[in-house]
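*Asks:* Residues per chain, in single letters:
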Amino acid sequence: MASEQMRTDVLEPGGAAALRSRRRFRPLYLARRHKLAAFAVVILAMMIIIAIFAPVLTPHDPAEADGRIRLESPSLTHPFGTDGFGRDVMTRVFYGARISLQVGGIAVLVAVFIGVPLGLVSGYAGGFTDAFIMRLVDAVLAFPGLLLALALVLALGPSIFNLMLALGIGVAPVYARLVRSQVLSLKERDFVLAARASGATDARIMFGHVLPNTYSSIIVASTLTMGVAILTEATLSFLGLGVRPPTPTWGGMLNEAGDLIYQSPYLMFFPGVAIFLATLSLNLLGDGLRDALDPNLRNRV
Amino acid sequence: MTAYLVRRFAQFPVVLLLVTLFLFVIMRAIPGDPVYAMMGEPEESFDREALAAMREDLGLDQPLPVQYVDWLADLARGDLGSSFLYRQPVHEQLIDRVPVTAQVGLLSVGLAVLIGIPCGTIAAVKRNSPIDMLVTVVAMFGIAVPNFWFALLLIWVFVVWLGMLPATGFTAVWENPVDAFRTMAMPVTALGLTLSAAVMRHTRSSVLDVLHQDHVRTARAKGLPGGLVVTRHTLRNALLPVVTIIGVQLGTVLAGSIVIESIFALPGLGRLTIEAINGRDYPMVQGVVLLFTFMVLLVNLLTDLSYAILDPRIRYG
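Sequence order for the protein chains is A and B. Here the working numbering is used: position 296 in the first sequence is 296, and no number is missing along the way. For any residue, its number in the working numbering is found by taking its place in the second sequence, counting from 1, and adding 1000.
Chain B on its own, in the form it takes in the complex (with noise of 0.2 Å):
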């Protein structure tokens, strides 16, 4: 196990100095030159001695490997560049938003285990009744349809039809938890619906393998109580595949993070990365990519890790 995780961790610069590679190419496809982007005004209004000087200063006159490499030195001492768009360095303008994603992507979260887990779980448990079909059929339903539709149709009925709720804003759980709450149910729903149906199949999966182990056999045959053989000797086994599963959805949140945060106007990464784009603001795309990227290679790293360590019954060849 331990070469397995001195490869793990070996990998995981590799694999974040492709990603740099890959998101350099591509930022550097983009047609039309940077310069004029960053100006915001049309090309024709420049002469061309105040261009070449800029260019020169960008280092945009270097060939590329150069400029690779130079980013990549930026990129080390944790300079990514400033916003065209917010006139503030790239990292402020990030670190501003997150809080709002990290509120709504755990709160997400946190109600996809809340809902999938004891689903999945008696889905399981009660295999073949009407309440397994019923869970079969609403994690089937989830995983197809798309959140922002899902998005759409609640605020259709809480805040068209029935008034209830807010269409827009975002207030902060630890300012203000009634008002963060109303602000909240709508999103988080939308975002946690996919999630949920995630979490509740391999729950129902996870707990069924383990259901059909020796032990839990072992406990039934000295008498324990259903119950207690479900939550203290299947559950605690069957978990522990889906913690993976959570941790591997982290893209999902993220994603699901830009089309949510758009539609009920959240100021969080997803909607700077969809402002960015528009905007034509470069340096800020390419810092939420990176930011994203990072995270989910992270989280991926984190999760082989307590995995390796924590079922010992995995052999890595």
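Here chain A stands alone, though its shape is the one from the complex (with noise of 0.2 Å):
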């Protein structure tokens, strides 16, 4: 209900100021109210760090074999060891962040560019439209999500960008759903019915005067979504389905140290965290956005 306070309060005199100097102060707030979500804003923001400047921040290349240092013990030149090909793992851990970012990232966009319009189409013109696309919608929810990505990365080719658009296509039905659920309640509102008496269209509507009020759900599902994009990239990685070594991928290091893990169990060991970390603080912050931005969302996602 706190949003929907916030929201009424525009229209008052004096409200847009308040609200902007609520703003002003929300971040600092935020991190004293929900102290597990800003942990997993650090987190995430040492992650970013890494991925960027992952050929700064270590000497060795993420390809770079070399047969006498096979199977190493961390130390100090090799803080987390070298693998089976004697590659250094803390820089393959640092390079792995790159791919699982990206990938988590780009496949939360594609879900967003398909899944919102869908959504926004299909609660807006409601009637057959709005059956026909949920139909649609069961009909991908029905694939569970790992399977829907195999069978995608089969059919388009196993490259880094059709893994993306795979998994893209198995969250897009989360968006259409949500959006859908908040349009058809947001539709009756009288800002809306405002909008239509004085003569706005319906695209004017649909994009200029609903949408925008679904934002801060769609920030919520993509943080959620993106974890587990991560997550079932990191899946495929590890069956040797998702992205193809030599790329460095942490599902990838994973499947390789399952075959080592006699003569060296602590090659899994920074890979599994690193997957974990990446997981956890995304779900940290999504719990976190969701009580801060629509506390009305609370079961939906």
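Note that these hints are calculated values from the structure, not bench results. In this text the structure is predicted, and so the values were computed from the model without any measurement. C-beta atoms are modelled at their ideal positions from N, C-alpha and C, and glycine is treated no differently. Careful: at least some of the hints might be erroneous.
Claimed, not checked - From the structure, some residues in chain B lie toward chain A, with a derived Cβ separation under 7 Å:
| hint | residue |
| --- | --- |
| 1 | F1012 |
| 2 | V1014 |
| 3 | V1015 |
| 4 | L1152 |
| 5 | G1251 |
| 6 | V1259 |
| 7 | V1289 |
| 8 | F1292 |
| 9 | V1296 |
With the hints as a guide, bring both chains together as one complex.
*Replies:* What follows is the structure in structure tokens.
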């Protein structure tokens, strides 16, 4: 109900100023209220920095194999040790962050660009269009996520881009359903009626008035689905059906670590922790954002 | 409610039809001629006439819509085609594999219920206590830990380090319960972890909701012992949404079985999926995907129906 209150504040004299001042202190306020979400932001920021500056942060090359230093334990020159090909594990975990974050981020963008317009049209148009789009969404949701990604990658061919596309198509229905349910209630509201009375076209009402009111829930869903996409990518790469070696991915590294579990069990530690931290912090951030932006949404995503 | 039930039933075949169409498009989009994959030989080694004859035989020379309708007709007869890899009808191979996946899946769900419901209930009743904190943290971890990594960690501890359990192998529960326990312990724990976390979370929030309702206050006011209030008045109402969640999690179980069965070399549907994909056995891939989605749709339908029947408070617009 809090967000509801804030939206009506804007309409009252002085309400806008109050809203601005409340916004200005929000990050700090949020960090204090949601310690876990703040922790998540720190972890994610670190991962993004590591992904961007990976070549600067480590002197090694992720593909640089050296048969003389196979399976070395962690040391000062190789803090996470070396793998079965004598490659530096820390370097590969760092470069793996690039793949995971890129795949997760772009998959979410794909999902937003497919799912949001579908949900918007579905909720706004109603009737047969709505029924048809929703059955389509049901059909896609019937495929277990991993299986859909497997089948799509098989059809499109194995490449990072196709993987992003496949994961995006898999989570797009989440956005379609979410936006549709919001549009259904938004389109009955007075400000939409006012826009219509003043002669706004359907397109203008949809994109100018209804869509902006769904942004906060789209942002919440984005963080949560990015976690799902990263986990699915890691699973596919672990199965050897996602991003192909020698590209360093966390899932792929765990695949290799699994084969060497008797010789060097520590190999599976760091890539696993990386996947875990990425998913955990995206989940925590999503929960925190949901509490902050849209408490009504609590049980929907 | 009758209108809702009728509509829900009517949706089922429509969605199923869309699923088959979607799957047909995906399978036809796979690059390369299925005939080559079927022969399992390099393309150059065929003579053109034999190839054309084979295409005609399989109906691959027909326009795509005709092929789709033919395929649907086959499906309606229960004919899923034959496997390139196993040289036998797809449905026979599927039937062979179902018991393994069913055993792993059901045990995992059982474990999730045994852990998730008591923990979630205690956390809700003792809200904001250290126990609640612990349950919340464990649930958070359970959702974020990748199940294949957890499986590797289990193998490391119980196989490599302690040498207590075999790393691979499958025994049916009804054949040898002791061996079955030894082979099932790790896969079921790995698959059950995410599920337990989800069940814990939902039980906690559902019990919290019910605890604040009037009838619970009345039960307390009339002097009923605390334990009875929780078991008889709260849990009975709180568990309905939790059952729904377990139904919805079927997709997670099936997707998880693909990974877990590969790691522990269990001869179930999940491992079959990977074998079929790696062996380019398209009819088998198609069969497995169809079986999985059909089961998900069916369980979703049953869950929705039971919910509508058991909880008359919900109005369906």
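*Asks:* Now, for every hint given, state plainly whether the structure supports it.
*Replies:* Evaluated hints:
1. F1012: Interface hint status for F1012 (chain B): violated (9 Å vs cutoff 7 Å).
2. V1014: 5 Å, holds
3. V1015: Holds. Min distance 5 Å.
4. L1152: With a closest approach of 5 Å, the L1152 (chain B) hint holds.
5. G1251: 4 Å, holds
6. V1259: 6 Å, holds
7. V1289: 6 Å, holds
8. F1292: 6 Å, holds
9. V1296: 5 Å, holds
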